[in-house]
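Protein sequence lines correspond, in order, to chains A, B and C.
Just so you know, we're using our numbering here: the first sequence kicks off at 277 and counts up by one.
Just so you know, we're using our numbering here: the second sequence kicks off at 743 and counts up by one.
Just so you know, we're using our numbering here: the third sequence kicks off at 26 and counts up by one.
Hints listed in this document are in silico derivations from the structure and should not be mistaken for laboratory results.
For each residue, glycine too, the CB sits at the ideal point set by N, CA and C.
You may find that some hints are simply not true.
[Stated by the list, open to error] If you want the footprint, here are the derived chain A segments under chain C, 3+ residues with CB under 8 Å:
#1 676-688
#2 697-709
[What the hints assert, rightly or not] Derived list of chain A stretches under chain C, where covered just means 3 residues or more per stretch with a C-beta under 8 Å from a C-beta of chain C:
#3 483-497
#4 714-720
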Amino acid sequence: MNVMLYSMEIAMVLSGLGILMLDLGTPARGKRDLGYLAAFLMSLLLLQSVFMPEVQDGFSLLSSGHSITEGPGYKLDAFARYFKHLFLLAAILVLLMAVDFAGTLRARLAEFFALVLFALTGMSAAASATNFITLFVSIELITVSFYVLTSFQRGQMRSLEAGVKYLILGAAASAVLVYGIALVYGATGSMEFAALGKACPSAEHDHLLRLGLLLVIAGLGFKIAAFPFQIWVPDVYQGAPAPVTAFLAVGSKAAGFALLMRLCHHLRPDLRELTLTVLAALAGATILYGSLCALRQRNLKRLFGYAGIASAGYLLLGLLALNAQPGASPSGAQGCHAMMFYLAGYLIAVMAAFTVLCHLDGEDEDLSVLAGLHARSPLLATVLTLSVVSMAGLPPLMGFLGKFLLLQSAFEVLSPHPAQLWLMVVALGGVVISLYYYFGILRAIYWGGGISPGRPAGESEAITVPPLARLLLIACGLILLWVGIFPQALLEWLGDAVALFR
Amino acid sequence: MIEGVAFYILSTVAVLGALLAVSRRNLVHGVFALLLFFAALSGLFVMLMADYVAAVQVLVYVGAVGILQLFAIMLTEHVTGDDLRRLGARGWFWGLMLAVALPVVLLLPPLLNGEPPVPPAAPQSTARQLGSQLMEHYVVPLEVLALLLTGALIGAVAVAHGPEKDPPGKDRPA
Amino acid sequence: MHALLTLILSFAGALACGLMPAGRARQIRWVALAFASLGLLTALHCALRYGGSGVADEVDWPWIPSLGARLAFGYDGISLPLLLVTGLVAVCGVLFTWELKERANEFYAYYFALVGGVYGVFLSRDLFLLFVFYEIAVVPKYFLIAIWGGTRKDYAAMKLVLYSFAGSALVLLGLLGLYFGANASTFTLQELSQASLSAPLQYVVFPLLFVGFAVLAGMWPFHTWAPTGHVAAPTAASMLLAGVVMKLGAYGCLRVAIGLLPLGAKVWAPWVAALAVVNIVYGALVALRQTDFKFVIGYSSVSHMGFVLLGLATLTQTGLTGAVLQMFSHGVIGALLFALVGAVIYSRTHTRQLEEFHLLIARMPVIAWVFILAGLASMGLPGFSGFAAELHVLMGAWQSPWVSAGLVVLAGAGVVATFGYTLVKIHEAFFRPRVASGSSDKEGLYEPMTAAEIAGCALLLGSSLLVGLFPSLLTDKMQASLKLIVDRLNEAR
Chain A
277 MNVMLYSMEI
287 AMVLSGLGIL
297 MLDLGTPARG
307 KRDLGYLAAF
317 LMSLLLLQSV
327 FMPEVQDGFS
337 LLSSGHSITE
347 GPGYKLDAFA
357 RYFKHLFLLA
367 AILVLLMAVD
377 FAGTLRARLA
387 EFFALVLFAL
397 TGMSAAASAT
407 NFITLFVSIE
417 LITVSFYVLT
427 SFQRGQMRSL
437 EAGVKYLILG
447 AAASAVLVYG
457 IALVYGATGS
467 MEFAALGKAC
477 PSAEHDHLLR
487 LGLLLVIAGL
497 GFKIAAFPFQ
507 IWVPDVYQGA
517 PAPVTAFLAV
527 GSKAAGFALL
537 MRLCHHLRPD
547 LRELTLTVLA
557 ALAGATILYG
567 SLCALRQRNL
577 KRLFGYAGIA
587 SAGYLLLGLL
597 ALNAQPGASP
607 SGAQGCHAMM
617 FYLAGYLIAV
627 MAAFTVLCHL
637 DGEDEDLSVL
647 AGLHARSPLL
657 ATVLTLSVVS
667 MAGLPPLMGF
677 LGKFLLLQSA
687 FEVLSPHPAQ
697 LWLMVVALGG
707 VVISLYYYFG
717 ILRAIYWGGG
727 ISPGRPAGES
737 EAITVPPLAR
747 LLLIACGLIL
757 LWVGIFPQAL
767 LEWLGDAVAL
777 FR
Chain B
743 MIEGVAFYIL
753 STVAVLGALL
763 AVSRRNLVHG
773 VFALLLFFAA
783 LSGLFVMLMA
793 DYVAAVQVLV
803 YVGAVGILQL
813 FAIMLTEHVT
823 GDDLRRLGAR
833 GWFWGLMLAV
843 ALPVVLLLPP
853 LLNGEPPVPP
863 AAPQSTARQL
873 GSQLMEHYVV
883 PLEVLALLLT
893 GALIGAVAVA
903 HGPEKDPPGK
913 DRPA
Chain C
26 MHALLTLILS
36 FAGALACGLM
46 PAGRARQIRW
56 VALAFASLGL
66 LTALHCALRY
76 GGSGVADEVD
86 WPWIPSLGAR
96 LAFGYDGISL
106 PLLLVTGLVA
116 VCGVLFTWEL
126 KERANEFYAY
136 YFALVGGVYG
146 VFLSRDLFLL
156 FVFYEIAVVP
166 KYFLIAIWGG
176 TRKDYAAMKL
186 VLYSFAGSAL
196 VLLGLLGLYF
206 GANASTFTLQ
216 ELSQASLSAP
226 LQYVVFPLLF
236 VGFAVLAGMW
246 PFHTWAPTGH
256 VAAPTAASML
266 LAGVVMKLGA
276 YGCLRVAIGL
286 LPLGAKVWAP
296 WVAALAVVNI
306 VYGALVALRQ
316 TDFKFVIGYS
326 SVSHMGFVLL
336 GLATLTQTGL
346 TGAVLQMFSH
356 GVIGALLFAL
366 VGAVIYSRTH
376 TRQLEEFHLL
386 IARMPVIAWV
396 FILAGLASMG
406 LPGFSGFAAE
416 LHVLMGAWQS
426 PWVSAGLVVL
436 AGAGVVATFG
446 YTLVKIHEAF
456 FRPRVASGSS
466 DKEGLYEPMT
476 AAEIAGCALL
486 LGSSLLVGLF
496 PSLLTDKMQA
506 SLKLIVDRLN
516 EAR
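Isolated chain A (complex conformation) (with noise of 0.2 Å):
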């Protein structure tokens, strides 16, 4: 076995329980530096692999004379290591996040940053995952990570309550997703994805593997957040802690895209003609429900609960992509690169509003807090304007083309099938009506005086923002602008990555 294959989870596991160790000498005065501590780590950690990937190799040439990418039901290539940076980066904001936020978390913190690296370890692990075993002790490590961050914040009862129903909900959806893995294992005989390729031995088998895959897929879309596995998502983005909320509105779920991704590929073509028809009606029903509900959400984190859930169902349309028939014309590398554009956008635009989220005083997150923010905190506004204008969709952001991608790569697919045009349909109303609710926040930042009537724009205080998280934001502003403007560099650091599906 090569070890440096998995040298990167092995970093942050080591980084995690590091800190945990750090945590017995370090005085209460200086626990918030563990947090700068672990994302320093982390940034490590992301400009080698970014960097110098030959590192990995290198060792491994040394060990076995060869190199090697492949281990038992793992496997590090171009995707995983894309998926892997997506994650690190996400950890790293979530950590300095949870740090300026440390005064409101008022609960352990070494605790709180070690379990951001174990969770990050899970969806490193998930990226990778080629088999069955991996994809459940990932999945499951990210879970139970999350089961005890949403519940952090001990003191306020909506934490608790987040915490108890995501525990409950994702149980639940762990039971169906081992019944699922079980069926499968049962119908085809191995744990390996590749297995799915393969024909099964007597119709019934094959009916059972049929039953396995969609409880799978049902398995996952409780992570990804899709339309009928989504109930737990308001409360809980509500009530957890906004650094977690924000980790698990983004790692969370490309942890779960990133498993279908890899499952999908391996699908035989009959499965996938399945898979087409339920993913369709999954994404037309996600995108519809989360678009319909955000409409009338006055607190924050559920309406960025509710948008999260629509743009799960945009990623599931990049999804299709990859479920249409080997040979034909668009080959699922389309839908790849239109996905992992489009996580890559919203992670940074997720961040950088919670990371707006979290400075802003108040304690329910209700849209009025954004009042005269445009006035308090110009930096504030223009950088939680740039964040919701991408996820809205509109040019010259990161959302737009991500978008664009997402919807060409569907009507790619669906159009040899005209009767299933009207998901496009679905999908461009969806684009529509999320225009009103985004525009709501929009509203509320630069003119929503009138909507706290005891605290009219303008007249409150600035807020001040540390140093450090100004930087951030500039960054992720500065980002979503740049690769919104001149997307080519990232889509082909992107070709590499979707090679596999060619």
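Fit chains B and C to the known structure of chain A by using the hints.
Below, chains B and C alone, put in the same frame as chain A:
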């Protein structure tokens, strides 16, 4: 014939135990019902020739987990559960519908199709195979599971302990 | 000066104004005026340099190769009048909001972002790029109306955004159909116009694209955003909305829908013509019933855009010439009317209700006469640009096999209705004693026009007169570019 009867008895006991475990307001009663469920489950494993899993079920779940849960519950204040306030739970109807629909969807097609798939011959002893698989092929997932347990433990302690109080003049509070 | 400079100047202006401190309203408006004027000068210079055929100032850089989208810019005879009108309206918008003090830096930042988006659409030679610029304009429009607007601004702003975005959704769908139908993995207009598109595809995609763009052009029954939006918007924004943004839609209809889908255009042209005539007549009749002065102008815009759409539906050289000329003409005159009603008159009377006006002809004689001139120009009096434009459109419609004679007669009746409501409203506004009691329109003479207002009026009225007297200044430049489209229409079968 005997096998069929045993299967139905064990499954009925298991389902009843599970139902009791979630429906009892008194937590101690709930745990005992859960133990009943675990025991019935291990019986089912025995019928499936999964000797190792059955043994683990008895040793770990009926033994260790059940006792731990009893300990934890005895040490908390509200055992009877009468004075707890309820978190809002709506939609029990749809939950029930789903619970009924799931087995119907899962079981109906094979039942209609007649013959269930023939199970492969059960291996003589599963412990050795499981062990070697876990230590060779699935060693990384095993490590991840270890991390999962560590994380859960740390998290449980962190949440149960609550926030650190930092009284002035003391470095580490007890 | 290179045409791209208009685009760069606008976004630079947005950045410069946005970064200036809010308190320095005086400096900000001078900076804004400087950027807007430079943009206008660039557009003028382009117009003088343009040879009369082909695409000028063409640049073509790779942008997103995987998508086939390129950074392709350039202008031809169709874009040219629209670049000019954008420059004109942008300058005058700054002149007519000279007194703005509240959050001036933000105002001009959004203002220039909108102007930049508009220039971008007119300069794009790539469909994807065009769509991006088309969408960029959404956010600034919303902010301009919702922050600085008046009557029911929240409602109007949201309505405008949802309408224009719903239109964009249709356009996007059509765009994807076009992209995959052409099967060339390209978005450049050049290559797409050479791709062979099957007839059934054209029949399906054409209405998507045309209706999608026409929402922004105020086509009935999707026009309802226009009056409410125009009325709620602050003066400079309603000038831009009426003067330029509605032209974005018409330009899209011409350049993309008609230009790329000749077969579809031929099938759908009679329907478009019918809707266009409804626009003309309906807009004029509704304008006659309005009591709010700004709503009168708002509905007159809808009526005038009907002429543009009718011109497009003729699919003939004359009719298309008329359509483009009408885009220019209405851009200039619509902007002038909105400026007069929304800024010049309102800042003095503090009301826009016609029954509250009291013999304004005696109390603001100069302004009244300027308005009367503008009204005459608007109803298409010979000598003003509107006349030449409407004449071209009606002549084109008469020749066109796709527009039935009955529709032309109805459109002619629309012209008469336009005369009617313009004269009635001029009478009600300026020559009638007060009807309503408790008016906020006080007695006595009003202060004369400021220098900025005079400059703005002179610029807009002058250009309408110039084009009215010498329409060949513009029409000569656009013939070759329109001929390309008409030839494609005639060849396609």
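Now the hints, each set against the structure:
| no. | hint | verdict |
| --- | --- | --- |
| 1 | 676-688 | holds (count 8) |
| 2 | 697-709 | holds (count 6) |
| 3 | 483-497 | violated (count 0) |
| 4 | 714-720 | holds (count 3) |
Hint compliance for this structure: hint 3 alone is broken.
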